[in-house]
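> All chains, please: the whole structure from these sequences, using the hints.
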Amino acid sequence: MENEGKKKIWSEYQKEIANDHFFYVRSCIRQSFYPGSEQFFLDFMRNVLGKDVYENPSHTTCTGIGYHGDIVPLSTIMTIVARHFALMKESGYKNIAISCVTSFGIYTEILETWKHFPDELAKTREYLFKATGREFDIPENMAHTSDIIYKFRNEIAAKAKNLLIDKKTGEPLKVVEHIGCHYAKMFPKFGVGGAEFPHVLSGMAEAWGGEVIDYPERRHCCGFGFRQYLVQANRGYSISNTAKKFSSMMPYKPDLVLTNCPGCNMFMDKWQYTIKEMEGTAYGTNGDSIPVLTYEELAGLVMGYNPWDLGLQFHMVQSEPLLRRMGVDFSREDKFKTKDGRQMPVPENLINA
Amino acid sequence: MEKFGFTLTKARVIDYDRNDHSIVDFIMEREPSFKACIECGCCSATCTTGNFTGFSLREINVLLKRGENDQVRKKIKKCMLCGKCSLVCPRGVNTRNVVFVAKQAFQKFDNYAV
Numbered sequence: 002m003e004n005e006g007k008k009k010i011w012s013e014y015q016k017e018i019a020n021d022h023f024f025y026v027r028s029c030i031r032q033s034f035y036p037g038s039e040q041f042f043l044d045f046m047r048n049v050l051g052k053d054v055y056e057n058p059s060h061t062t063c064t065g066i067g068y069h070g071d072i073v074p075l076s077t078i079m080t081i082v083a084r085h086f087a088l089m090k091e092s093g094y095k096n097i098a099i100s101c102v103t104s105f106g107i108y109t110e111i112l113e114t115w116k117h118f119p120d121e122l123a124k125t126r127e128y129l130f131k132a133t134g135r136e137f138d139i140p141e142n143m144a145h146t147s148d149i150i151y152k153f154r155n156e157i158a159a160k161a162k163n164l165l166i167d168k169k170t171g172e173p174l175k176v177v178e179h180i181g182c183h184y185a186k187m188f189p190k191f192g193v194g195g196a197e198f199p200h201v202l203s204g205m206a207e208a209w210g211g212e213v214i215d216y217p218e219r220r221h222c223c224g225f226g227f228r229q230y231l232v233q234a235n236r237g238y239s240i241s242n243t244a245k246k247f248s249s250m251m252p253y254k255p256d257l258v259l260t261n262c263p264g265c266n267m268f269m270d271k272w273q274y275t276i277k278e279m280e281g282t283a284y285g286t287n288g289d290s291i292p293v294l295t296y297e298e299l300a301g302l303v304m305g306y307n308p309w310d311l312g313l314q315f316h317m318v319q320s321e322p323l324l325r326r327m328g329v330d331f332s333r334e335d336k337f338k339t340k341d342g343r344q345m346p347v348p349e350n351l352i353n354a
Numbered sequence: 032m033e034k035f036g037f038t039l040t041k042a043r044v045i046d047y048d049r050n051d052h053s054i055v056d057f058i059m060e061r062e063p064s065f066k067a068c069i070e071c072g073c074c075s076a077t078c079t080t081g082n083f084t085g086f087s088l089r090e091i092n093v094l095l096k097r098g099e100n101d102q103v104r105k106k107i108k109k110c111m112l113c114g115k116c117s118l119v120c121p122r123g124v125n126t127r128n129v130v131f132v133a134k135q136a137f138q139k140f141d142n143y144a145v
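Residue numbers (this note's numbering), protein chains in the order written: chain A, 2 to 354; chain B, 32 to 145.
Please keep in mind that the hints were generated in silico from the structure rather than gathered at the bench.
Please note that the accuracy of each hint is not assured.
Simulated pairs of lysine to aspartate or glutamate, DMTMM-like, Cα-Cα distance not exceeding 25 Å [as the list claims (entries may be wrong)]:
| no. | chain 1 | residue 1 | chain 2 | residue 2 |
| --- | --- | --- | --- | --- |
| 1 | A | K277 | B | D56 |
| 2 | B | K34 | A | E278 |
| 3 | A | K245 | B | E70 |
Okay, the calculated bits of chain A under chain B, using three or more residues with CB under 8 Å as the criterion [as the list claims (entries may be wrong)]:
| no. | stretch |
| --- | --- |
| 4 | 157-170 |
| 5 | 231-245 |
Computed beta-carbon distance windows for the label pairs [as the list claims (entries may be wrong)]:
| no. | chain 1 | residue 1 | chain 2 | residue 2 | range |
| --- | --- | --- | --- | --- | --- |
| 6 | B | V44 | A | P346 | 41 to 47 Å |
| 7 | B | N142 | A | E349 | 40 to 46 Å |
| 8 | A | T170 | B | V93 | 45 to 51 Å |
| 9 | B | C71 | A | T170 | 51 to 57 Å |
| 10 | A | K8 | B | V44 | 52 to 58 Å |
For each residue, glycine too, the CB sits at the ideal point set by N, CA and C.
Okay, here's the thing in structure tokens:
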């Protein structure tokens, strides 16, 4: 069979991901709700791969949630992003690594705006200079951190201690991969595999031994939707979307949901609790709910990190059923203990615990 | 139930896999001419009840084939079984009997007299 044509077409769906010297920008949601994810990324990049990843403490929110919630104007958010680029320039970096899919979408949207409307770029330069006296350059390479983990997925597989395989049966675990809409649906050229064949998470799951599930609502929104969520009375739209997605994946009996977007992770995790409270529905097997993990948390589990160091206990849906299937060693006693051994408060009514 | 200040709404998607096809299967078996229906709407156009109440046999046929039986149960009560619709059907469907058998089916499967 001739594969040359297919290879050529597939090559057009790839993006260039820098290899080293990253200016790292954090995510508001991830560093608050799933702090182990960013911690793993930095530890893996710096200490395992020996890469240069720089964080600037003056970096702020991108205000993406406010922008999509109709509160922050476009000119404001463009100036804020320009300030981030100015911090990167001052630090001497040209490759930006973005932890958040919302921020990633904001950066791509703004870069495309500046490309097609150079007047906007000139105005933003002026606003930033007048406000802060700073100047900026456009990054040479822009990658989401899931792109970077995807790039090094085989290095992670080579160091794997717990592959995505059921320890008892030897069968691959069933993985639902959910890619944030703002990763590649808006500007496909910035994502691995574009909007049609996004491969960033399925590539990881396959490299680490899992089986990716294809189900009818695979590319459906997680339900976050910003302005659909921000007003309490509208949250029925949000949770109904999530329920539709979970109902669609339920017959395939997934072992975990893998996400690359902070909002998707939060809503697919926390709405499962809410739906269970409202209707009594649990979407996993044996009355359990489905653990929702970030790609860093999953990579950490695969590499044999302690699940509590990865912050899995801070999810609404606990990961114990998954840990048992993967054969990960964990201590129930240490679950809510600090690094120096102090006991933290234990939440009530944890799901799957 | 915990009160969150919002509710779950069901999707308006018609799920052919989950909907109940027992009623339409019962009708197809007893009145095979129903398979010939092309949903042209002549039956609805000539329907006396439809002129006064919004009842539409065409709509009933579509809902039955989709398995949306909940909506049919109420609507089908309006039919007077006059049979004018069967006189105008270009495909020769015995539409009067379709309604008659549908009523039987609801009584048989749901114990719901219509």
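> If a hint holds in the structure, say so; if it doesn't, say that too.
Going down the list of hints, with the structure as the test:
Our distance criterion of 25 Å between C-alpha atoms is broken by K277 of chain A and D56 of chain B, whose separation comes to about 35 Å. Our distance criterion of 25 Å between C-alpha atoms is met by K34 of chain B and E278 of chain A, whose separation comes to about 9 Å. The hinted pair formed by K245 of chain A and E70 of chain B fails the criterion: a straight-line CA distance of about 31 Å is larger than 25 Å. Under the rule that three or more residues need a Cβ within less than 8 Å of chain B, the assignment of the stretch 157-170 of chain A is violated, with 0 such residues.
Evaluation of the coverage hint for the stretch 231-245 of chain A: fulfilled, as 10 residues show C-beta separations to chain B shorter than 8 Å, against a requirement of three. Between V44 of chain B and P346 of chain A the CB atoms are about 42 Å apart, so this pair conforms to the stated range of 41 to 47 Å. Distance hint for N142 of chain B and E349 of chain A: a CB-CB separation of about 44 Å, consistent with the stated range 40 to 46 Å. Between T170 of chain A and V93 of chain B, the C-beta spacing of about 46 Å keeps the proposed range 45 to 51 Å intact.
For C71 of chain B paired with T170 of chain A, a C-beta distance near 56 Å keeps the hint of 51 to 57 Å intact. The given range of 52 to 58 Å is broken by K8 of chain A and V44 of chain B, whose C-beta atoms sit roughly 38 Å from each other.
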